[in-house]
Each structure stands twice: as C-alpha cells, then as structure tokens.
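Undergrad: Build the full structure now, drawing on both the sequences and the hints.
Chains as they are written, first to last, in the UniProt record's numbering: chain A, 1 to 512; chain B, 1 to 512.
Each hint should be verified, as a subset may be incorrect.
A pair holds if it fits inside one copy or across any two, identical chains being indistinguishable in the list.
No more than 25 Å apart at the CA atoms, straight line, and that leaves these computed lysine to aspartate or glutamate pairs for DMTMM-like [to be verified]: (1) K115 <-> E67; (2) K389 <-> E67; (3) K266 <-> E308; (4) K182 <-> D211; (5) K182 <-> E353; (6) K192 <-> D211; (7) K266 <-> E223; (8) K188 <-> D211; (9) K399 <-> E223.
In short, the hints are calculated from the structure, not lab data.
None of the values given here were measured: they were computed from a predicted structure.
Spelled out, the chains give:
2 protein chains.
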Amino acid sequence: MKAVSILAIVLIFQTSGTVPSGPELESSSRKILTLNTINQNLRTLRMPTNAGPTIIEGRRKEQELKEDKPLPFEEVLWTNAGDPQGMGDPYVTFIHDVLAMVVDANNINRGIYPKDAAKRAKAFLATLENNSIGTYPHPSGIELVRRHVAKYIQKRDGGIPSRWQDIYLSNGAATSIGNVLKLLNCQKDGSKSGVMIPVPQFPFYAAKLQDNGMHAINYYLDEDNNWAININHLEQAITAAKEFCKPRAIVIINPGNPTSQVLTRKSIKDIIKFAYKHRLFIMADEAYQENINEDDCPFISFKKVLSEMGEPYNKMEMASFKTCSKGYASECGLRCGYVELINLSPDVRTAYETYVATQLTPNTVGQAALEAIVNPPREDEPSYEQWLKETTNIFSSLKKRAKFLTKKLNSIKGYSCNPIQGGMYGFPRIDIPPQAIAAAKRAGQEPDEFYSLELLNQTGIVVVPGNGFGQLPGTYHYRTTTLPQMDKLKKMVSDIKKFHKGFVAKYTQNEL
Amino acid sequence: MKAVSILAIVLIFQTSGTVPSGPELESSSRKILTLNTINQNLRTLRMPTNAGPTIIEGRRKEQELKEDKPLPFEEVLWTNAGDPQGMGDPYVTFIHDVLAMVVDANNINRGIYPKDAAKRAKAFLATLENNSIGTYPHPSGIELVRRHVAKYIQKRDGGIPSRWQDIYLSNGAATSIGNVLKLLNCQKDGSKSGVMIPVPQFPFYAAKLQDNGMHAINYYLDEDNNWAININHLEQAITAAKEFCKPRAIVIINPGNPTSQVLTRKSIKDIIKFAYKHRLFIMADEAYQENINEDDCPFISFKKVLSEMGEPYNKMEMASFKTCSKGYASECGLRCGYVELINLSPDVRTAYETYVATQLTPNTVGQAALEAIVNPPREDEPSYEQWLKETTNIFSSLKKRAKFLTKKLNSIKGYSCNPIQGGMYGFPRIDIPPQAIAAAKRAGQEPDEFYSLELLNQTGIVVVPGNGFGQLPGTYHYRTTTLPQMDKLKKMVSDIKKFHKGFVAKYTQNEL
Numbered sequence: 001m002k003a004v005s006i007l008a009i010v011l012i013f014q015t016s017g018t019v020p021s022g023p024e025l026e027s028s029s030r031k032i033l034t035l036n037t038i039n040q041n042l043r044t045l046r047m048p049t050n051a052g053p054t055i056i057e058g059r060r061k062e063q064e065l066k067e068d069k070p071l072p073f074e075e076v077l078w079t080n081a082g083d084p085q086g087m088g089d090p091y092v093t094f095i096h097d098v099l100a101m102v103v104d105a106n107n108i109n110r111g112i113y114p115k116d117a118a119k120r121a122k123a124f125l126a127t128l129e130n131n132s133i134g135t136y137p138h139p140s141g142i143e144l145v146r147r148h149v150a151k152y153i154q155k156r157d158g159g160i161p162s163r164w165q166d167i168y169l170s171n172g173a174a175t176s177i178g179n180v181l182k183l184l185n186c187q188k189d190g191s192k193s194g195v196m197i198p199v200p201q202f203p204f205y206a207a208k209l210q211d212n213g214m215h216a217i218n219y220y221l222d223e224d225n226n227w228a229i230n231i232n233h234l235e236q237a238i239t240a241a242k243e244f245c246k247p248r249a250i251v252i253i254n255p256g257n258p259t260s261q262v263l264t265r266k267s268i269k270d271i272i273k274f275a276y277k278h279r280l281f282i283m284a285d286e287a288y289q290e291n292i293n294e295d296d297c298p299f300i301s302f303k304k305v306l307s308e309m310g311e312p313y314n315k316m317e318m319a320s321f322k323t324c325s326k327g328y329a330s331e332c333g334l335r336c337g338y339v340e341l342i343n344l345s346p347d348v349r350t351a352y353e354t355y356v357a358t359q360l361t362p363n364t365v366g367q368a369a370l371e372a373i374v375n376p377p378r379e380d381e382p383s384y385e386q387w388l389k390e391t392t393n394i395f396s397s398l399k400k401r402a403k404f405l406t407k408k409l410n411s412i413k414g415y416s417c418n419p420i421q422g423g424m425y426g427f428p429r430i431d432i433p434p435q436a437i438a439a440a441k442r443a444g445q446e447p448d449e450f451y452s453l454e455l456l457n458q459t460g461i462v463v464v465p466g467n468g469f470g471q472l473p474g475t476y477h478y479r480t481t482t483l484p485q486m487d488k489l490k491k492m493v494s495d496i497k498k499f500h501k502g503f504v505a506k507y508t509q510n511e512l
Numbered sequence: 001m002k003a004v005s006i007l008a009i010v011l012i013f014q015t016s017g018t019v020p021s022g023p024e025l026e027s028s029s030r031k032i033l034t035l036n037t038i039n040q041n042l043r044t045l046r047m048p049t050n051a052g053p054t055i056i057e058g059r060r061k062e063q064e065l066k067e068d069k070p071l072p073f074e075e076v077l078w079t080n081a082g083d084p085q086g087m088g089d090p091y092v093t094f095i096h097d098v099l100a101m102v103v104d105a106n107n108i109n110r111g112i113y114p115k116d117a118a119k120r121a122k123a124f125l126a127t128l129e130n131n132s133i134g135t136y137p138h139p140s141g142i143e144l145v146r147r148h149v150a151k152y153i154q155k156r157d158g159g160i161p162s163r164w165q166d167i168y169l170s171n172g173a174a175t176s177i178g179n180v181l182k183l184l185n186c187q188k189d190g191s192k193s194g195v196m197i198p199v200p201q202f203p204f205y206a207a208k209l210q211d212n213g214m215h216a217i218n219y220y221l222d223e224d225n226n227w228a229i230n231i232n233h234l235e236q237a238i239t240a241a242k243e244f245c246k247p248r249a250i251v252i253i254n255p256g257n258p259t260s261q262v263l264t265r266k267s268i269k270d271i272i273k274f275a276y277k278h279r280l281f282i283m284a285d286e287a288y289q290e291n292i293n294e295d296d297c298p299f300i301s302f303k304k305v306l307s308e309m310g311e312p313y314n315k316m317e318m319a320s321f322k323t324c325s326k327g328y329a330s331e332c333g334l335r336c337g338y339v340e341l342i343n344l345s346p347d348v349r350t351a352y353e354t355y356v357a358t359q360l361t362p363n364t365v366g367q368a369a370l371e372a373i374v375n376p377p378r379e380d381e382p383s384y385e386q387w388l389k390e391t392t393n394i395f396s397s398l399k400k401r402a403k404f405l406t407k408k409l410n411s412i413k414g415y416s417c418n419p420i421q422g423g424m425y426g427f428p429r430i431d432i433p434p435q436a437i438a439a440a441k442r443a444g445q446e447p448d449e450f451y452s453l454e455l456l457n458q459t460g461i462v463v464v465p466g467n468g469f470g471q472l473p474g475t476y477h478y479r480t481t482t483l484p485q486m487d488k489l490k491k492m493v494s495d496i497k498k499f500h501k502g503f504v505a506k507y508t509q510n511e512l
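TA: Right, here's the structure in full:
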C-alpha cells in the first residue's frame, strides 16, 4: 500500500520521465530469489488450514465488511482452525491466574489470586535463574514441568511409568513433531526416508515431509467404516512405497484430525504389530486425547497398549505428542506442547537433545500454562471448585456441540458425516453435482475448493476444503469445527443446509 | 531413576534367572534409531552455547553444590549465554504491566497498572479473535505489532520507509533466521547452497547450515584489527568455496557475536558492494543493535546504508533480524523476534509466508512484549518517567560492565580482548602454554575446551570455549558475558586472573 501511495505522489510531481517502480512492482528477473532459485521443497508447499484459499478469501471478506461493503452475511465465521478460545470458549481461570503471577511476581502477594495458583507460580519461578520469566530455560524444557507432565501421563495410563527425562517441551506440539521427523530423515543410502501418514490427515504432516524432502506414504482411512485404520491398507501402502523410499515411521492421529474417530484398543494393537513387523518408529499424535465426545469410545494411549502388550512390543521406540492448544485449556496462542519419547537409545537421545538445543528454548510462559494444566488444583485447594466447574462446563459444552454438529450435518441431503467421537472437527462428505465439478474445473479449482469458496461467498463461513487433507479420489469433503457457540453453530448448520440446497439446484438446472 | 528403582525391586524378588534390563540399559542393536540410521546432518551437530561440554559440566557442578559436595567455589556462574535477566538484571516494568493485563484482562480495570500500559494491553487484545490471548494469531504475526515494528524501524533509520508487510514475527529471531536459510537452500542443480558466515560466529549458524545440508563458507574476522571484516578475506573465501557450493547469501552479525565489534558505515558499504557483485542475499543479524557500549561507534543498520547508497543497491534483497531477547528488554524466555524482509519478489514472499504458516504461529505473549517494546510510553504518558529511568539504568549499567570487563580482561597477562563495543560478550584471546595444549590432546579435548573446563572446575565460572564459534587455527579464546552484576563481575575477573596465573604456572613447570 505504501508502494502505491508513493507511486501516486511521484505521478503528481513527475509529469515526464520514467516512473520509478516500487519494490513490489519491479520485475523479479534480476532478483536473487525467484521461484526457480528458492528451496524447491518450499515452492509448492501448502498449508490449507491457516494459509489456504478459503483463509485468504475469508480475510478479504472480513476487510470488506469493515469497509461496509454490502455482503450477504454480517460476519465471517472462522471454522478453519481448532481454536476454541478464538471462537468464544472461556479460558480456565486457574491457568491465567498462574500466568498473571509469573509475568508479574508482585501479583503473588496482592491477594488477588488464590493461594494454590500463587503456589504454582512461585514454584515455577523458583526454577528459573533469578526467578525470572525472561530468562532462558533449559532447551528441553523446565525440569519441574517435565516432572509434572510425566506424573500426568502416568496417571492417565493407570500407573504405567513415565520418566520425566523422556518428556521434551516445545513451542507447540507441531515443533516436536517436526523435530522427530527431522531426526528420522536418514539420507544415508541415497533413498528417501518414508513416513506413513493417514489420508485424510492434518496437512502439517504432508507439508513437513515435503519441507524435509521426505516421502509421504499415504494410507487411506476407511470412511465407510468410521474412518478405521485397515491393516490391509497399511500393508498395501508400505509395499507400494518401498519402490520409492525406505519406510521409517508411521504417524497415527488419535483422535483423528480431521476425521475425529477414536481408535479402539484392538485397532491400536494391530497397528503396533504392523509397526513392529516393518520396523517402523511410531509417531502417535494424541493432541486431542482429552477431547472425547462419546462415552463409549474412551481414549487409550499408544504407550499404554504397547506397554501392556509386553515383550517385544514394550521395547519399541515411539513418540507421543500432546499440546496445551487442545484439551480443556485450548491455549493455542501460548504455544506449548510436548513429546514423550520412549525407548530411545542414549546416543540418539543425545543427538535429539542437541538438535532441540539449536532451537534455543521453548517459551517460558507457555511452560507455565502447561504446569498449571498438568498440576491443577487438588480437591483440598481453594481453586478446585471453580476449576472443576469450568473444566466440566467446557467439556460438556464441547461434547454437546460435537453431537449437535454430527446430527445436523447428517440431516442435510447429500451430506454424510461420521460421528465426531473425539476432537473438534466435522469432516462431512458432500455430493457435488457433476455440473459443479465441471464449473470448478473451468475455474481451475478443485471441486471442494470451489464449493467451499461459494459457501464462504454466500454465508461467510470459512471451512477448509477436503483436498487439503487428502481424500479418496472422487470424494469431496471439507473440515469445519464444532467450536462456534451454540447459537452460532445453529445458524451455521442452517446456513449450510440452505446453501447446499441452492448450490445443488444451481448446478442441476439443466437436468430439471 | 525410575528404571533403577524398578530394577531394585526386580532384584529383590528375583533371586535367580536373568535380570530384565531397563530401556536405557538395553543394547541399541535392535533399535530402529541408531547413530547410523538417524539424520546424518544431526549426528555431529553441536550447540556449544547451551548444550556444550562446559554447560553439561556446569549443570553437574550445580547439582553437586546442591548435594553439599565440597567444591572450591560456592556457586556456578553462568556466563555462557546473553541472558541479562537470568544474571540479575531487572525487567522493564512497563512490559510486564502489559503482560499481566493481556494474560488476565481483569487486571485492566483493577487500578493496579498505569493507564498507558492498560491502553496497550486493550489494543493488543482487541486484535485477537474474542479478545483472547489463547487464540491463534496470524501466522506472520499480529498486524498491529507488525505495524508498530515497522514504525520503530523507520524511526531508527531516520525516516527510511519500513513496510509492515515486510515484518514477520517469530518465536525468537533464531526461528526467522532458520526460515530464511531454509528459503535460500536451493537444491536444484545438485550443488549445495553456500552461505558466508563469520568466524568466530554465533554457532547457531553453523548448526543450522549443517541441519539443512548447506555449505558454510567461513570468512575470518580480523582479530588484530578489532574483528574487522576484510573484503579481501571475503573474496578469498567465496572464490575457494565455489568449488564446493553455489554461494547464495552472506551473514553479517553486527554488533558481533561473540566478537562485539560494531561495523562502520564504510565497512557496511563495502560488504553491500561485495554482496551485489556476487549476487548474495544479505542476512544482517542485528540482534544487538541497541546494545551499544561505546559512544563513538553508533549502530547503523544495513538497510539504512543500502537505502542511502541508491540504485542499484537499494533494490537488493535483504533480511534484518532482531529479537526481544536483547536490547533493554532482554526477554529471552518469552521467545519473540522478527525479520524485516525487503525487496522480495511477490511470489517468493508468498512461498515464505506459506512456509511460516506451516509452523502455525508465533506465541501471543511474546508478541505482546514486543508491542510494549516497540510502542513504549510516550513523554506525556504516566509510565514514561519510570520507563525512562529503568531503561537508562539498564543501558548504563550494561555499558559500564562492558567497559569494566574489557579493561580487566586486558589486564591479565596472556589475555587480549578487543573492546566490547556492542552486545554483551567478552571474547578474549588466551595464551595457552604448549604443555597445556599437549595435556588437552591427551584428554581428547580442544585446548580451549580443556582450559574452560579447568576454569569451571576451579572457579565455577561457565564460559564457552572459542572452538565452538570458530577461530583462527592456533589461537584460543572463550566467550564470557558482561552480564554478572558488578560485584560478581569483579569477583569473576579476579578469579579468572588468579586461575590463569595458576594454570600457566602448572603447565610451564618443567620450563622453570
């Protein structure tokens, strides 16, 4: 915008001669960096959930609304991300009480905050040099927090031991996932390292593998069978992939993203056996482990199952990822997550720790939030009652909305959506009329992108087209979330229903 | 420790038969991940400033002190990192006032914090969905903060325009540096991408290039000439490197790290011309731009010089990096930094933005701190007086300590240290007696590592051996900081002096 206004001034004062071009207007031919000379892995990178076409268009619409341009909706509804607080869910008071004291220790003695929160803040600050939140913590994370995470995991798994030394904190779980993928990327024998990833899948994985020059071994989830993982599909995928790469690891997202299924113990066992057979490192993305929406499908961790299976399985190397961005806390903006890395050989562990140290350190405030999450008020502490009430409300509200969304999406003719058992995403399959598919082709768009952009244009709802997650060819989906508050969620599904009817009518006109 | 206790239980109950080994004790032969099968770029990675041998040994000593083991010192003095708050420097109240309100908006109306800080907090929260610090912000950073950073840079450079769209925030400057290096790593024609880096140099660069499989083109700084950058050295380095790689960029650290020199305008001009001639992307690491310790060597930004040089230089693509971890704020733990990326072609910019989006987002609290730093109290605002006093005190104290350290290190026989013009590091050159060099060799250590570990063993002072930064063969250094509070700094230099005398005496015994 600067460039344009400078240009305008130049045009006023310079009636003859050449007009100097702004940096953005200049031909890129003399640039050092062009699409041909940058990192080729980055050239076609996509991140549809936060930088894809519907996000960019959504921002444009929001700007137009600010400028009072007439649009057929009054607000943009962002359902592209699993961002509960951004969608109106409250935070848990106890966590922010702790934060207010770690960033300003004067608050510990002001009598504003409960004593248990103050105790957490004091103990946390005491682990830092000079009691200062502004100091560099240990590159692997603060020991106190790592110890409490280990206890938290141990409790989750009914007593199966968790060692604090196996816990590595990071700026969000995504950083840890990236670090483990990086570790796995052995370029030694000239063959690419391959990693099995589900399709559909949180697109971070495809992006990160591309970024690293690794091979994505796609395995399809079985939509007709509630997005189950079929071992035959895994076998077929790995067999076919061996021509192109050396398979190194398998990623499982449980509960699923974007698919929201929760794996059964039997399924987890089968996957572990498969991984053992093929010597695959297990990467269990268990970010949504606390977001269970249906009582009859409890979350069971990969580590628990693997441990209970006994030898040789309990010696397998695996990583499990979790984050402050999900669960009841949903502190996406604070960027704190962790990985539990088990059964690694000591020298590999040292290499991982040094690699993590090159990223300097995870942020301290996020670690304080994590501390408050994994070391919450106990029953005899003053914050307990409020904490219990708030967390119970958050979970029950999330559950309610998940059930509502599942039901309502399935009530739309031409839609089918597996139950949102865990997590916060609806990923409906949509019938798109052939004429619309043809129109999408003419527009140079994928059919589900075309559909999602039309939905946005007419309703203001931002979803993420299914092609960004991968989907069986010839099927079309999008990812939306359970997260709008109930009144907005009601309006959303009503708008979607109305839109879909109109869309189908428009693109089946000639057939009538 | 868990493994040991389980083992103990097993030993009690199992008097015959084989003792099962804990995960860490098991042979790694059956592991999927061994040093031979992990990412080979990570195998020999080093990060001496936070994960090197003196750090590991320092942690061990600290543990021993906790266990009341008798040691010749009472505390471990951490001078390995540029971490002012960790070393006892105060934070700036205004910044933490803002933080206490962004993490708990109830504090805005409690009357605890000044109105100008409240205004910043409110404006900051208003940019976030649902006014929530726990929401995902824009992957490139919050627009409000990016706008204020641009204004801040524009003011710094005497009005030379800075566009907010050119500013990208990240979890620390290191992340941005890594991102730009990643962008530059073009593997297209089969040749490695080369990046010129100074020697000595902040080891993050060498580590990141190794991590990316890029070629480090080392150029030596001229210690005898106050660590000047000699264009002939640059020419020699790039000519020699062309055999191994395609040179793509030049990194300049100004003020220097670990060398603490401040570049003159003439030197910057010469480097820009050199970069232009060789079509090198300029990466200006200007993290320490505000930490100027001597009045006669002001900081001048690469962007300012390049802009003032006019065409064709002002069209050159460059990146300048800065961080909340340095300057008066020194908020290392909050992890917020930024890069200003100028003159990029729009399609390359889009690729960069997508890449950044795959890292999800920089943390919101760090961005709030950055907002408070680049949009500080104005003269007519209530926090101004305190802010001015605090920031003035911090800078004057840092200056004083820098001068003191320079002087005292130079007073040690066998030491020479260029003036600490900018930044917070002393990087003295040390005469190490041949017998000590031989002893180091026997111990399998670099001479400066051997020296630094002896220093730690006797005094508790943790420094970083010079070999971790690179140094002219046959010269020995270490990096320490100006950051211990004055009483500790005095003791530190006195301890070093005494130690060095003893060390030299010990390793010249036979010669006496």
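Undergrad: Quick one: K182 to E353, C-alpha cut-off 25 Å, is that within a copy, between copies, both, or neither?
TA: Both: 13 Å inside a copy, 21 Å across copies.
Undergrad: Please sort K192 with D211 into within, between, both or neither, judging by C-alpha distance up to 25 Å.
TA: The answer is both: 13 Å in one copy and 16 Å across copies each meet 25 Å.
Undergrad: What label fits K182 with D211 when the C-alpha limit is 25 Å: within, between, both, or neither?
TA: For K182 and D211, both the intra-copy (10 Å) and inter-copy (9 Å) Cα distances are at most 25 Å.
Undergrad: Since the copies are identical, ignore which copy is meant and state whether K389 and E67 lie within 25 Å (CA to CA) inside a copy, between copies, both or neither.
TA: This pair counts as neither: shortest intra-copy Cα distance 41 Å, inter-copy 43 Å.
Undergrad: With 25 Å as the alpha-carbon cut-off, assign the pair K266 and E308 to within, between, both or neither.
TA: Result: close within a single copy only, 12 Å intra versus 68 Å inter.
Undergrad: Within a copy, between copies, both or neither: which one fits K399 and E223 at a CA-CA cutoff of 25 Å?
TA: within (22 Å within a copy, 65 Å between copies)
Undergrad: With 25 Å as the alpha-carbon cut-off, assign the pair K188 and D211 to within, between, both or neither.
TA: Answer is both; intra-copy 18 Å and inter-copy 14 Å each pass.
Undergrad: Can you give me the call for K115 and E67, within, between, both or neither, at a CA distance of at most 25 Å?
TA: So K115 and E67 fail the 25 Å test inside a copy (48 Å) and across (30 Å) alike.
Undergrad: Have a look at K266 and E223 and pick one of within, between, both or neither, based on CA distance no larger than 25 Å.
TA: Within one copy only: 18 Å inside, 66 Å across.
Taken one by one, the earlier hints fail for this structure at numbers 1, 2, listed in ascending order.
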